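Asks: I would like the entire structure built from these sequences, with the hints used as guidance.
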Amino acid sequence: IIGGVDRPTSGKVYIENTDIYALDETNLAIFRRRQIGLIYQFYNLIPVLNVEENIALPLLLDGREVNKAQLDRLLAKLNLTGRRKHLPNQLSGGEQQRVSIGRALISNPALMLADEPTGNLDSANSADIVRLLRQANQEFNQTLILITHDESIALQADRIMYMQDGRIIRDEVIRR
Numbered sequence: 003i004i005g006g007v008d009r010p011t012s013g014k015v016y017i018e019n020t021d022i023y024a025l026d027e028t029n030l031a032i033f034r035r036r037q038i039g040l041i042y043q044f045y046n047l048i049p050v051l052n053v054e055e056n057i058a059l060p061l062l063l064d065g066r067e068v069n070k071a072q073l074d075r076l077l078a079k080l081n082l083t084g085r086r087k088h089l090p091n092q093l094s095g096g097e098q099q100r101v102s103i104g105r106a107l108i109s110n111p112a113l114m115l116a117d118e119p120t121g122n123l124d125s126a127n128s129a130d131i132v133r134l135l136r137q138a139n140q141e142f143n144q145t146l147i148l149i150t151h152d153e154s155i156a157l158q159a160d161r162i163m164y165m166q167d168g169r170i171i172r173d174e175v176i177r178r
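Each residue of the sequence shown is one higher than the one before, starting from 3 at the first, in my numbering.
Read the hints as simulated data drawn from the structure, not as lab findings.
Here the structure is a predicted model, which means the values were calculated and not measured.
A portion of the hints provided could be inaccurate.
Claimed, not checked - What follows is a set of in silico ranges between Cβ atoms, one per label pair, in the way DEER data are often shown:
| id | residue 1 | residue 2 | range |
| --- | --- | --- | --- |
| 1 | Asp74 | Asp173 | 35 to 45 Å |
| 2 | Asn122 | Val50 | 14 to 24 Å |
| 3 | Val50 | Met165 | 29 to 39 Å |
| 4 | Asp152 | Asp21 | 24 to 34 Å |
| 5 | Leu25 | Ile149 | 19 to 29 Å |
| 6 | Ile170 | Ser94 | 27 to 37 Å |
| 7 | Arg136 | Asp26 | 27 to 37 Å |
| 8 | Arg136 | Asn46 | 19 to 29 Å |
| 9 | Arg133 | Gln72 | 16 to 26 Å |
| 10 | Leu157 | Arg9 | 29 to 39 Å |
As the list claims (entries may be wrong) - With a straight-line Cα cutoff of 20 Å, these simulated SDA-like cross-link-like pairs (lysine to any residue) come out:
| id | residue 1 | residue 2 |
| --- | --- | --- |
| 11 | Lys14 | Ile32 |
| 12 | Lys79 | Leu93 |
| 13 | Lys87 | Arg75 |
| 14 | Lys87 | Ile48 |
| 15 | Lys79 | Gly96 |
| 16 | Lys70 | Gly84 |
| 17 | Lys70 | Glu55 |
| 18 | Lys79 | Leu134 |
| 19 | Lys70 | Arg86 |
| 20 | Lys70 | Phe142 |
| 21 | Lys14 | Asp26 |
| 22 | Lys79 | Gln137 |
| 23 | Lys70 | His88 |
| 24 | Lys14 | Glu27 |
| 25 | Lys79 | Val68 |
| 26 | Lys14 | Leu30 |
| 27 | Lys87 | Leu51 |
| 28 | Lys14 | Thr145 |
| 29 | Lys14 | Ala24 |
| 30 | Lys70 | Asn52 |
| 31 | Lys70 | Asn81 |
| 32 | Lys87 | Leu61 |
| 33 | Lys14 | Thr28 |
| 34 | Lys79 | Asn52 |
Note that the Cβ used here is the ideal one computed from N, Cα and C, for glycine as well.
Replies: In structure tokens, the structure reads:
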């Protein structure tokens, strides 16, 4: 619902002072591409597109130019510079998830929504993904909502909301 994919049965979702469900489907899709970075557990990469093309896809779909310098910086930050022309099936799970993060970051969205981004990764790749998400959150001043069942990952957040049966049962601000 927050990501603009499923419509709520009641209530409203505001992102950047916009009630996203007051938008028609076309404008909602445009808003989602520009303002919401979605990171999925299963990567959702386009198999026939290479790393660069998968990352640039939101810009291309939006009819915007790809800033080569920005793309190069992002590839370096994601440690994917040497893999830029590889297809998804030529990448490890951790690399595929970094491509997914790059695709979510390329538009500099207001909101990053990460759904179990470490669910299919080993502990080393999981730690790397969490580090990248925290860096992006701080560097680009984006709101990051991360859904996880891994309490060790949740405990790295600034705020933790526990849900059960679709309801928030506990809300904690972490003091560091």
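Asks: Quick check on a hinted range of 14 to 24 Å for Asn122 and Val50, using CB atoms only.
Replies: holds (21 Å)
Asks: Can the restraint linking Lys70 and His88 be considered satisfied, given a maximum Cα separation of 20 Å?
Replies: OK: Lys70 and His88 at ~17 Å, within 20 Å.
Asks: Is Lys14 within 20 Å of Thr145, Cα to Cα?
Replies: Holds, at about 18 Å.
Asks: Between Lys79 and Leu93, is the straight-line Cα distance small enough, at 20 Å or below?
Replies: Holds, because 17 Å separates the two Cα atoms, which is no more than 20 Å.
Asks: Taking the CB of Arg136 and the CB of Asp26, does the distance hold inside 27 to 37 Å?
Replies: holds (35 Å)
Asks: So does Leu25 sit 19 to 29 Å from Ile149, Cβ to Cβ?
Replies: holds (24 Å)
Asks: Regarding the pair Lys70 and Glu55, is the alpha-carbon distance no greater than 20 Å?
Replies: holds (12 Å)
Asks: Within 35 to 45 Å: is that where the Cβ-Cβ distance between Asp74 and Asp173 falls?
Replies: About 40 Å separates the Cβ atoms of Asp74 and Asp173, which means 35 to 45 Å holds.
Asks: Verify the CB-CB distance for Val50 and Met165 against the hinted window 29 to 39 Å.
Replies: Holds, since Val50 and Met165 (Cβ atoms, about 37 Å apart) stay within the stated range.
Asks: Lys14 and Ala24 were given as a pair; does the straight-line alpha-carbon distance stay at or below 20 Å?
Replies: holds (9 Å)
Asks: Run the distance test for Lys70 versus Phe142: straight-line Cα separation, threshold 20 Å.
Replies: holds (18 Å)
Asks: Is the hinted pair Lys79 and Gly96 satisfied, with a Cα-Cα distance of at most 20 Å?
Replies: holds (14 Å)
Going through the hint list in order, the structure satisfies each hint without exception.
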